[in-house]
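Taken in sequence, the protein lines are chains D and R. Quick note, the first sequence lines up with residues 1 to 134 if you use the working numbering. Quick note, the second sequence lines up with residues 1 to 134 if you use the working numbering.
Keep in mind that the hints are not guaranteed to be accurate.
For identical chains, the list gives no copy identity; a pair is met inside one copy or between any two copies.
[What the hints assert, rightly or not] Straight-line C-alpha distance at most 30 Å; calculated DSS-like pairs for lysine-lysine:
(1) 32 with 103
(2) 57 with 103
(3) 57 with 71
No wet-lab data here; the hints were simulated from the structure.
Number of protein chains: 2
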Amino acid sequence: MRYSSRRQLILDTLRSCTNHPTAEELYTMVRKQMPSISLGTVYRNLNVLVDSDEIRKFEPPGQIKARYDAKREEHAHLVCRECNTVYDLNLPEVSSIDEEVEKITGFCTEQRDIVLNGVCRSCRDLLRNQRTAL
Amino acid sequence: MRYSSRRQLILDTLRSCTNHPTAEELYTMVRKQMPSISLGTVYRNLNVLVDSDEIRKFEPPGQIKARYDAKREEHAHLVCRECNTVYDLNLPEVSSIDEEVEKITGFCTEQRDIVLNGVCRSCRDLLRNQRTAL
DNA sequence: ATAGCTGCAAAATGTTTGCGCGAAA
DNA sequence: TTTCGCGCAAACATTTTGCAGCTAT
């Protein structure tokens, strides 16, 4: 795996993120350090990094744009339907179902996408206040 | 909720499917009974049915087209990376983690998307045979 | 009459790709 | 000298939408 200056910058930038930026958000961040970079290059390198398992692509159900995640440990995502924020959640015991699934169905799991959709705490509080204000 | 002839036909057609058709696949099926229907109408009615919780939209990670599902009971999806088939899998005890999640994070889960990516049995067998044939 | 539904075609959107050029191994 | 990566812009694919007419209430 070769790392051009752009590929390295994109990877480093994503690693510095605690949230899960879209390609365009990353493009905006990266351009601050390398103004000549193009959006196509960001997409191309993100795809390369995904294919080599360096990062993960995440397509939140109900949102159009893909998001990217430098965290490689197994974890689930919480997606707030109000603010669209994506939170991480560790679910240590989840991969234990793979064996059971294979025994029953013959399906060999390689990777899991576990998404909980709902409302995060701060949005829940906001909604509650709006209601009492009426 | 009012049901036009097209909306009803789209819903009935989807209910008759054991797999998880895309909008275009449904369009093809529906046109056999109603050749004048348009693809836009299929999309519009699918959105209405999703919004009213009559059906579920499912966007398999790594596939571009959305798929639709008339089954309303909670279930997970197995997506084969070889043939792209989407299988259903019942996971009865899954919703029990919601309380735990809310206690820890304050996130209130309303709906779960659980996808296992891997290789289904028939594709696994195919791959195995190809390898021994070499 | 009024609200909702439809076909059609155009638009919108996120992502990919072809090309010619330049940099790196 | 050959492979890879780049910027740019055009292409692509799925889905949405504006419009004008129609259907049912």
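Hints, one by one, checked against the model:
For the identical chains of this complex, residue 32 and residue 103 are neighbours neither inside a copy (51 Å) nor across copies (40 Å), given an alpha-carbon limit of 30 Å. With identical chains, the CA atoms of residue 57 and residue 103 are at most 30 Å apart both within one copy (28 Å) and between copies (28 Å). With identical chains, the CA atoms of residue 57 and residue 71 are at most 30 Å apart both within one copy (11 Å) and between copies (27 Å).
The structure fails hint 1 only (numbered hints given earlier).
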